[in-house]
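Chains A and B supply the protein sequences, listed in that same order. Numbering-wise, UniProt numbering puts 182 at position 182 of the first sequence, and it's gapless, one number per residue. Numbering-wise, UniProt numbering puts 187 at position 187 of the second sequence, and it's gapless, one number per residue.
Since the hints were made in silico from the structure, they are not lab data. Among the hints, a few may not be true.
[Unchecked claim] Simulated pairs of lysine-lysine, DSS-like, Cα-Cα distance not exceeding 30 angstroms:
id: 1; chain 1: A; residue 1: K104; chain 2: B; residue 2: K168
id: 2; chain 1: A; residue 1: K13; chain 2: B; residue 2: K168
id: 3; chain 1: A; residue 1: K21; chain 2: B; residue 2: K168
id: 4; chain 1: A; residue 1: K2; chain 2: A; residue 2: K40
id: 5; chain 1: B; residue 1: K21; chain 2: B; residue 2: K111
id: 6; chain 1: B; residue 1: K83; chain 2: B; residue 2: K104
id: 7; chain 1: A; residue 1: K104; chain 2: B; residue 2: K83
id: 8; chain 1: B; residue 1: K168; chain 2: A; residue 2: K81
[What the hints assert, rightly or not] To give a feel for the contact side, a few chain B residues facing chain A, derived at Cβ under 7 angstroms:
id: 9; residue: K21
id: 10; residue: A63
id: 11; residue: A69
id: 12; residue: H71
id: 13; residue: L77
The beta-carbon is built from N, C-alpha and C at its ideal position, and this holds for glycine as well.
Below are the chains, spelled out letter by letter.
There are 2 protein chains.
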Amino acid sequence: MKLLEERILRDGKVYPGEVLKVGGFLNHLIDDGLLEEIGKDIHAHFSGDGVTKLMTIEASGIAIACYAARHFHAPVLFAKKSKTANISSDCYTTEVVSYTHGGKSTVFVEKEYLRAGDRVLIIDDFLAHGEALRGLIELVRQAGAELVGCAVAVEKGFQGGGDELRAKGVRVYSLAIIDSMTDDEIVFRSEDGSAS
Amino acid sequence: MKLLEERILRDGKVYPGEVLKVGGFLNHLIDDGLLEEIGKDIHAHFSGDGVTKLMTIEASGIAIACYAARHFHAPVLFAKKSKTANISSDCYTTEVVSYTHGGKSTVFVEKEYLRAGDRVLIIDDFLAHGEALRGLIELVRQAGAELVGCAVAVEKGFQGGGDELRAKGVRVYSLAIIDSMTDDEIVFRSEDGSAS
Numbered sequence: 001m002k003l004l005e006e007r008i009l010r011d012g013k014v015y016p017g018e019v020l021k022v023g024g025f026l027n028h029l030i031d032d033g034l035l036e037e038i039g040k041d042i043h044a045h046f047s048g049d050g051v052t053k054l055m056t057i058e059a060s061g062i063a064i065a066c067y068a069a070r071h072f073h074a075p076v077l078f079a080k081k082s083k084t085a086n087i088s089s090d091c092y093t094t095e096v097v098s099y100t101h102g103g104k105s106t107v108f109v110e111k112e113y114l115r116a117g118d119r120v121l122i123i124d125d126f127l128a129h130g131e132a133l134r135g136l137i138e139l140v141r142q143a144g145a146e147l148v149g150c151a152v153a154v155e156k157g158f159q160g161g162g163d164e165l166r167a168k169g170v171r172v173y174s175l176a177i178i179d180s181m182t183d184d185e186i187v188f189r190s191e192d193g194s195a196s
Numbered sequence: 001m002k003l004l005e006e007r008i009l010r011d012g013k014v015y016p017g018e019v020l021k022v023g024g025f026l027n028h029l030i031d032d033g034l035l036e037e038i039g040k041d042i043h044a045h046f047s048g049d050g051v052t053k054l055m056t057i058e059a060s061g062i063a064i065a066c067y068a069a070r071h072f073h074a075p076v077l078f079a080k081k082s083k084t085a086n087i088s089s090d091c092y093t094t095e096v097v098s099y100t101h102g103g104k105s106t107v108f109v110e111k112e113y114l115r116a117g118d119r120v121l122i123i124d125d126f127l128a129h130g131e132a133l134r135g136l137i138e139l140v141r142q143a144g145a146e147l148v149g150c151a152v153a154v155e156k157g158f159q160g161g162g163d164e165l166r167a168k169g170v171r172v173y174s175l176a177i178i179d180s181m182t183d184d185e186i187v188f189r190s191e192d193g194s195a196s
């Protein structure tokens with residue numbers, strides 16, 4: 001998606017440790033106009049797939065999932081990372097490693113909100129090593145629901161998580177795939193798969 | 001807002017410890033149609049106030065803020081609870097006690113995303129003792145930005161946080177105010193301030 005690539009080039013910042021900071025428009029301050037376009041684009045890609053539920057993980061995926069939900073007219077389920085007093089004990093649970101947070105966390109959804117018969121599109125802001133998506137896919141599997149695919153805003157292609165999932169047959173749609181990045185240059189993968 | 005009150009009566013569950021569970025439509029599984037109406041209602045209430053930024057706190061406030069943002073055409077800033085590798089060290093910071101999580105957490109926003117000149121509407125899913133709103137108001141104050149008011153979906157009126165803020169002159173708009181709740185009955189405050 002050209003609009004997102006251009007925004008990354010303009011406002012993204014490369015931090016040490018292969019971290020791309022996009023907090024100014026995607027996952028801390030959220031640009032309403034950009035997210036509208038991202039939501040539309042995700043819907044255009046999966047509109048024919050009978051999606052009944054969007055699923056993401058707190059916190060940064062929620063905004064993108066909500067902007068997509070308007071077009072699917074489907075509910076958004078977000079996996080949680082900490083048990084609170086208002087959570088039932090009857091949950092699907094898995095472990096996820098986070099590279100930006102550092103460390104492992106247990107993520108879960110309540111069983112009553114994810115069921116066999118659901119056709120689930122997983123949405124997230126970032127795809128790097130693929131840990132969060134693998135965790136969400138595992139929750140879908142536990143529920144006996146059907147995975148339609150995964151849509152992410154930014155894939156760090158050079159960290160391999162996206163291509164590993166694709167090799168396993170998961171439909172992964174990324175609006176911008178970064179093949180390499182340094183302080184000076186961010187190179188996107190073009191739609192035919194080559195670096196551009 | 002009648003639609004939200006009716007939904008709480010239909011699908012809300014009262015848990016021990018004065019906890020109201022609305023995970024089936026508001027803050028775990030998010031009902032797209034209901035949130036559309038909530039977003040519109042919040043906008044209708046504050047549309048004449050020159051709001052330039054919506055602000056919330058991860059995770060449950062994000063969805064509501066995004067559904068409102070479409071109408072304000074304003075960005076959403078969400079305060080974070082944990083420092084990650086992609087966060088700058090230059091932040092406004094405060095402490096917030098959470099009753100549902102149990103315990104205190106440090107919340108913060110990066111300084112570059114909240115500035116003097118911003119006219120900020122704070123949005124959250126719940127208002128109980130008012131800890132989260134007070135924390136967000138403190139961040140707005142630190143930035144020298146202007147607070148327009150606070151909009152929340154569900155206020156637990158009997159816990160007093162909303163009325164304390166109103167007594168201090170903060171405009172607090174709640175779409176549903178619960179004056180009392182037991183396993184058998186949830187009583188809402190009517191728009192003239194009486195219990196209904």
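Against the structure, test the hints numbered earlier, and report the numbers of the ones violated in rising order.
-> As far as the earlier hints go, 1, 2, 3, 5, 8 and 12 are violated by this structure, in ascending order.
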